[in-house]
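322 is the number that our numbering gives to position 304 of the sequence shown; each next residue is one higher, with no gaps.
Because the hints were derived from the structure by calculation, they are not lab data.
A hint or two may mislead.
Listed below are the simulated DSS-like cross-link pairs for lysine-lysine, each with C-alpha atoms no more than 25 Å apart in a straight line [unchecked claim]:
(1) Lys-36 <-> Lys-123
(2) Lys-22 <-> Lys-123
(3) Lys-36 <-> Lys-160
(4) Lys-354 <-> Lys-160
(5) Lys-405 <-> Lys-354
(6) Lys-352 <-> Lys-405
(7) Lys-318 <-> Lys-216
(8) Lys-123 <-> Lys-79
(9) Lys-123 <-> Lys-160
(10) Lys-354 <-> Lys-318
(11) Lys-352 <-> Lys-408
(12) Lys-22 <-> Lys-36
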Amino acid sequence: MNSKVMPTYGRVEISFEKGEGAYLFDDQGNRYLDFCTGIATASLGHCHPHLVEALTEQAGKVWHTSNLFRIPGQERLAERLVENSFADQVFFCNSGAEASEGCIKMARKYQSATGHPERYRIITIDGAFHGRTLATLAAGGKPEHLDGFGPVVEGFDHVPAGDLAAMEAAIGPETAAIFVEAVQGEGGVNVMDTTYLKALRKLCDDNEILMMMDEVQTGMGRTGTLFAYEWEGVTPDIMGLAKALGNGMPIGAILATESAAVGMTPGTHGSTYGGNPLAVAAANAVLDVMLEDGFMDHVKGISGHMMQRISGVIDAHPEIIESVRGQGLLIGLKCKVTNGDLVDALRDEGLLTVGAADNIVRLIPPLIIDESQIDEAMAALDRACEKLEKAG
Numbered sequence: 019m020n021s022k023v024m025p026t027y028g029r030v031e032i033s034f035e036k037g038e039g040a041y042l043f044d045d046q047g048n049r050y051l052d053f054c055t056g057i058a059t060a061s062l063g064h065c066h067p068h069l070v071e072a073l074t075e076q077a078g079k080v081w082h083t084s085n086l087f088r089i090p091g092q093e094r095l096a097e098r099l100v101e102n103s104f105a106d107q108v109f110f111c112n113s114g115a116e117a118s119e120g121c122i123k124m125a126r127k128y129q130s131a132t133g134h135p136e137r138y139r140i141i142t143i144d145g146a147f148h149g150r151t152l153a154t155l156a157a158g159g160k161p162e163h164l165d166g167f168g169p170v171v172e173g174f175d176h177v178p179a180g181d182l183a184a185m186e187a188a189i190g191p192e193t194a195a196i197f198v199e200a201v202q203g204e205g206g207v208n209v210m211d212t213t214y215l216k217a218l219r220k221l222c223d224d225n226e227i228l229m230m231m232d233e234v235q236t237g238m239g240r241t242g243t244l245f246a247y248e249w250e251g252v253t254p255d256i257m258g259l260a261k262a263l264g265n266g267m268p269i270g271a272i273l274a275t276e277s278a279a280v281g282m283t284p285g286t287h288g289s290t291y292g293g294n295p296l297a298v299a300a301a302n303a304v305l306d307v308m309l310e311d312g313f314m315d316h317v318k319g320i321s322g323h324m325m326q327r328i329s330g331v332i333d334a335h336p337e338i339i340e341s342v343r344g345q346g347l348l349i350g351l352k353c354k355v356t357n358g359d360l361v362d363a364l365r366d367e368g369l370l371t372v373g374a375a376d377n378i379v380r381l382i383p384p385l386i387i388d389e390s391q392i393d394e395a396m397a398a399l400d401r402a403c404e405k406l407e408k409a410g
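Go ahead and model the full structure; you've got the sequences and the hints to work with.
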């Protein structure tokens with residue numbers, strides 16, 4: 019196909035025509051169980067009736083104005099996010115990369131506004147992924163992502179995950195903040211230890227620097243609580259959200275305490291599309307569903323069922339899958355074969371998944387998944403492993 023779309027993606031030759039709940043249907047009529055969800059984005063599945071109704075209603079009113087005017091839906095969304103998190107204030111943007119970039123800017127601005135303009139460096143964790151802008155690429159620090167985009171944006175220090183001594187040694191007079199993911203999604207579904215995150219919080223407090231959390235992939239119920247930091251008993255000062263916040267409608271957010279946002283005054287930051295009426299209509303509808311009684315209990319329960327079933331498949335196919343890791347419905351299969359081969363084999367069996375670093379296949383189903391669909395996915399996983407074994 020002679021596409022005029024810039025070739026920055028290694029695309030699979032499938033075109034999806036419609037979606038319904040946990041399923042996608044291609045233009046040939048084939049049905050796929052979606053355990054990719056646009057990489058943890060369509061967390062309420064496809065064409066959720068409440069979301070469709072909310073977005074359709076808003077589309078008939080007004081799509082876009084400007085952040086130069088008040089946007090009532092944005093005010094409501096900010097209030098609800100504050101009520102259900104550590105934060106006092108919210109800034110809306112368009113994407114995860116923009117949310118991460120805003121977190122970085124806010125940390126630097128905080129230090130400048132509180133009399134420490136020399137504090138501008140951000141410490142990040144090896145294996146992190148914070149986005150594709152120049153600054154967020156530098157924050158991630160992966161050579162394969164930075165290649166050809168030099169000079170690398172200055173101001174980031176990287177330390178191994180779980181190494182408190184290395185983290186403490188990296189903190190210096192120019193350090194503004196520590197930036198961490200509770201679970202590294204792109205980095206291989208690496209779950210940060212609770213003790214480690216609590217120790218990071220203490221280091222931040224002791225050194226008068228900020229703790230920032232990237233919850234672009236883990237936020238909005240993915241781990242069984244609205245935000246992953248809730249599992250850890252650790253409260254950040256600044257947090258980035260996107261992906262599932264709009265269930266596919268482009269929206270991101272930066273949540274912060276009032277003290278951390280002290281430098282964010284009129285003119286210091288902005289976004290043309292950030293939190294426009296269409297986007298916040300979708301996000302408010304997402305919250306309507308996720309804040310319902312029992313929703314997170316369902317996520318916790320179904321994730322337990324899924325982990326049990328995965329363990330059985332691993333026991334049956336130890337030459338294909340080495341182990342499982344993750345939290346909630348962000349699950350990684352550590353492969354003994356090339357992860358891309360397993361992703362392809364699963365797609366042939368009607369199950370959509372996505373790879374990650376460290377030879378991981380991610381299973382990221384919609385949070386509305388039921389036991390029968392988990393069983394369907396595990397049957398596909400079993401068949402795919404059998405075929406890979408025979409292909410040997």
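Here's how the hints hold up against the structure:
Between the alpha carbons of Lys-36 and Lys-123 the distance comes to roughly 39 Å, so the proposed pair goes past 25 Å and is violated. Pair hint Lys-22 plus Lys-123 does not hold up; C-alpha atoms about 35 Å apart against a cutoff of 25 Å. Distance hint between Lys-36 and Lys-160 is unfulfilled; the C-alpha atoms sit about 35 Å from each other, more than 25 Å. For a cut-off of 25 Å, the pair hint linking Lys-354 to Lys-160 stands: about 23 Å separates their Cα positions.
For the hint pairing Lys-405 with Lys-354, the CA-to-CA distance comes to about 14 Å; that is within 25 Å, so the pair holds. Between the alpha carbons of Lys-352 and Lys-405 the distance comes to roughly 18 Å, so the proposed pair stays at or under 25 Å and holds. Restraint check: the Cα-Cα separation between Lys-318 and Lys-216 comes to about 23 Å, which is no more than 25 Å; the hinted pair holds. Our distance criterion of 25 Å between C-alpha atoms is broken by Lys-123 and Lys-79, whose separation comes to about 34 Å.
Annotation: proposed proximity of Lys-123 to Lys-160 holds, straight-line Cα distance about 21 Å (limit 25 Å). Restraint check: the Cα-Cα separation between Lys-354 and Lys-318 comes to about 28 Å, which exceeds 25 Å; the hinted pair is violated. The suggested pairing of Lys-352 with Lys-408 holds, with an alpha-carbon distance near 20 Å, which does not exceed 25 Å. At roughly 23 Å between alpha-carbon atoms, Lys-22 and Lys-36 fall within 25 Å of each other, so this suggested pair holds.
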